[in-house]
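K.L.:
I would like the entire structure built from these sequences, with the hints used as guidance.
Respectively, the protein sequence lines represent chains A and B.
Following my numbering, the numbering of the first sequence begins with 1 at its first residue and continues without gaps.
Following my numbering, the numbering of the second sequence begins with 1 at its first residue and continues without gaps.
If you're looking for bench data, these hints aren't it; they were derived computationally from the structure.
Only true hints are included.
A short, non-exhaustive set of chain B residues, derived as facing chain A with CB atoms under 10 Å:
| id | residue |
| --- | --- |
| 1 | 20 |
| 2 | 25 |
| 3 | 149 |
Even glycine gets a Cβ: it sits at the ideal position worked out from N, Cα and C.
The chain contents come next:
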Amino acid sequence: MADSADDVLTSAHVLEYPYSRSVGPVIGAFLTGLRDGKIIGATGSGGVVIVPPTEYDPYTAEPTGEMVEVGPEGTVESWAWVGTPAPQHPLETPFAWVLVRLDGAGTSMLHVLDAPSPDAVSTKMRVRADFVAEGERIGRIQDIRAFVPAGSA
Amino acid sequence: MTSGDQRGPSDERGPVTTLATPIRLDYVFSAGIAQSRNLRGLAEGKFVGQRCGVCHKVYVPSRGSCPVDGVATDDVVELANTGTVTTYCVVNVPFAGQSIEIPYICAMVLLDGADISFMGLIQEIPTDEVRMGLRVEAVWVDPEDLGPTMASVKYFRPTGDPDADYETYKDYT
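P.N.:
Written out as structure tokens, the structure reads:
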């Protein structure tokens, strides 16, 4: 664009705050599990395993109990295809947001499914958590890089 | 947390207790036509404002309209390099991201010919000698470093002229 007197100047700005939050004993155990390459749930009042775990049962408000390992495979309950990922999305290639009910869990968890196309995604399909390499896991949900179709490499 | 409490079998870092949750906003700021003129002026080492056709006040930097009369300010005015300190404060408190050595003076400077003051750094004078009415001039960065930014103005310094009469700037304090 020619630099004429009436061209409007623009400038790229970034506003960023480096918050950190304390996670408490239950989410902390979940994140510690992710760092260890495991997915941890909490047992609710009726024996239902809640994943990700909550400190209190959402129906009875009683404290949740024993922490148990679930997955790493599970079943897709619902999904939405993202054909054009935005910069803030966890994957750079097209992917699906999925609600995954992990084996042993009574609730479903939101994550991403790395699949080649929407034709490769369906409800009830079996998927598996694909963790990032052990040395790169720090205790955050991104320690699971993505879910992938079960049985794939 | 005591040693070994809740640790994973393969990890000596202890349980995860905090989570980094940065929030970040990337955006493009558009300066608008009026402010772009002002910024281009700064890139040439001069102050450019705009005059209201109704009240004839000169705004620098102009937002493109007169806040009193609600009309567009299309009359572009080049302003002097000199002005008057209308009010100021001495910054003594260090803070994160500070780039200027404390103490320093942050002043409102009313350029000659302008009807609104703007904030400027005052240097080349002891902080306890800065005063309302002090006559100052802009010191610009080297010509090769000039750009469309207020950073083109390094600071203001005293001209050595007698102080401005309070009556000349009392409406702007």
